[in-house]
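Engineer: Sequence:
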Amino acid sequence: MIASPRTFLGARIYLSFLSTIPFTTLLALGLTFCVASGEMDLSFPSVMAISGLAFASVFTACGSAALGVAAALATGVLAGLFNGILVVGVGVPSIIATIGTQFFWRGAAIVLADGLALNLVDVRETATYDLLVGRLFGVIPAHSLWCLGLTVLLWYVLHRHVFGDALLFVGDNYRAAKMMGVAVNRARYGLFMFMGGLSAFVAVLICLEMANWWPTQGEGYLLLVFASVFIGGTSVFGGKATIYGTVVGSIIIGIIEAGIIAAGLAGFWTRLVYGLIIIVSVSVHALVLKTKRE
Numbered sequence: 021m022i023a024s025p026r027t028f029l030g031a032r033i034y035l036s037f038l039s040t041i042p043f044t045t046l047l048a049l050g051l052t053f054c055v056a057s058g059e060m061d062l063s064f065p066s067v068m069a070i071s072g073l074a075f076a077s078v079f080t081a082c083g084s085a086a087l088g089v090a091a092a093l094a095t096g097v098l099a100g101l102f103n104g105i106l107v108v109g110v111g112v113p114s115i116i117a118t119i120g121t122q123f124f125w126r127g128a129a130i131v132l133a134d135g136l137a138l139n140l141v142d143v144r145e146t147a148t149y150d151l152l153v154g155r156l157f158g159v160i161p162a163h164s165l166w167c168l169g170l171t172v173l174l175w176y177v178l179h180r181h182v183f184g185d186a187l188l189f190v191g192d193n194y195r196a197a198k199m200m201g202v203a204v205n206r207a208r209y210g211l212f213m214f215m216g217g218l219s220a221f222v223a224v225l226i227c228l229e230m231a232n233w234w235p236t237q238g239e240g241y242l243l244l245v246f247a248s249v250f251i252g253g254t255s256v257f258g259g260k261a262t263i264y265g266t267v268v269g270s271i272i273i274g275i276i277e278a279g280i281i282a283a284g285l286a287g288f289w290t291r292l293v294y295g296l297i298i299i300v301s302v303s304v305h306a307l308v309l310k311t312k313r314e
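Numbering-wise, this note's numbering puts 61 at position 41 of the sequence shown, and it's gapless, one number per residue.
Worth flagging that the hints you see were computed from the coordinates, not collected in a lab.
Hints are supplied without guarantee of correctness; some may be wrong.
Stated by the list, open to error - Keeping only pairs whose Cα atoms sit at most 30 Å apart, straight-line, the calculated DSSO-like set for lysine-lysine is:
#1 260 / 310
#2 198 / 310
#3 198 / 260
As the list claims (entries may be wrong) - Beta-carbon label-pair distances, calculated as ranges:
#4 155 / 132: 49 to 59 Å
#5 84 / 292: 35 to 45 Å
#6 291 / 165: 29 to 39 Å
#7 94 / 151: 26 to 36 Å
#8 34 / 87: 48 to 58 Å
#9 268 / 86: 18 to 28 Å
Each residue gets a CB set at the ideal place from its N, CA and C atoms; glycine is no exception.
Start from the sequences and build out the full structure, keeping to the hints where you can.
Structural biologist: Written out as structure tokens, the structure reads:
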């Protein structure tokens, strides 16, 4: 902002934020649930790709965007269920399982599409497009309002609903939660299916916004999303999460990215900054926890 003040003095940049930041925010909210429960999901960028392909394929085949949305959501939930089976059923650590499924779903999307992108320009003529990503009053992106609504809903689920209580309890003390009668495995299955469904929803929004699907869809979001979660105050050790902090973290990350580009720095500087943010955030949480224990 200091290096390029004119960029941030116009309304255009903030309208751009309303269009781009909701994607990161929604994914970060889903990951917040995962981290709060003591799990990790590294597969969501690839789940976005395979779910986006499902949407694009169904729309191309029958011309119905609504059916495409249903296909994408079903694909995302099933991908999340597969993660849950590996982690909960088989017992593979979530970070290892989702690294594997990250490559699997990405490879599947590329193979099924023969490595080619799908043009979805006709989707802009559908009611689904107007409902999900159309411009309210010709200015405000509809998906920013969807993001706001889902943020409120997810805050309620995490802090006022039994599902959120179960996830936080599991993240804080897995054994104690199990001894207290919490349906630990059911909550963990639900967690991964929720993350898969949310990833699919974001993939649909991106397909609609860009009127296109491409095999590398979702790549580039991994660092953005993790940085948003950790800078927002969610503990990497589980048991503690903040929806408000995640939203603020997503906004900060979006502004930092725009600021780096506006300042004329090369794009790879963003990776350096995001990596530094993650390292500092995780280290601070570790030091705070260590101090409390002592």
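Engineer: Now tell me, hint by hint, if it's right for this structure.
Structural biologist: Hints, one by one, checked against the model:
With a CA separation close to 15 Å, the supplied pair residue 260 and residue 310 stays within the 30 Å bound. Between residue 198 and residue 310 the alpha-carbon distance is near 25 Å, which keeps this suggested pair within the 30 Å criterion. Of the pairs offered as hints, the one joining residue 198 and residue 260 holds, with about 18 Å between alpha carbons and a cut-off of 30 Å not exceeded. Checked against the given bound of 49 to 59 Å, the beta carbons of residue 155 and residue 132, roughly 32 Å apart, lie outside it.
Between residue 84 and residue 292 the beta carbons are some 44 Å apart, a value that agrees with the proposed interval 35 to 45 Å. Remark: the range hint 29 to 39 Å for residue 291 to residue 165 is upheld by a beta-carbon distance near 31 Å. The hinted range of 26 to 36 Å is not satisfied by residue 94 and residue 151, whose Cβ atoms lie roughly 19 Å apart. Residue 34 and residue 87 have their C-beta atoms about 35 Å apart, which leaves the hinted 48 to 58 Å range violated.
Taking 18 to 28 Å as the suggested C-beta distance range, the pair residue 268 and residue 86 does not conform, at roughly 34 Å.
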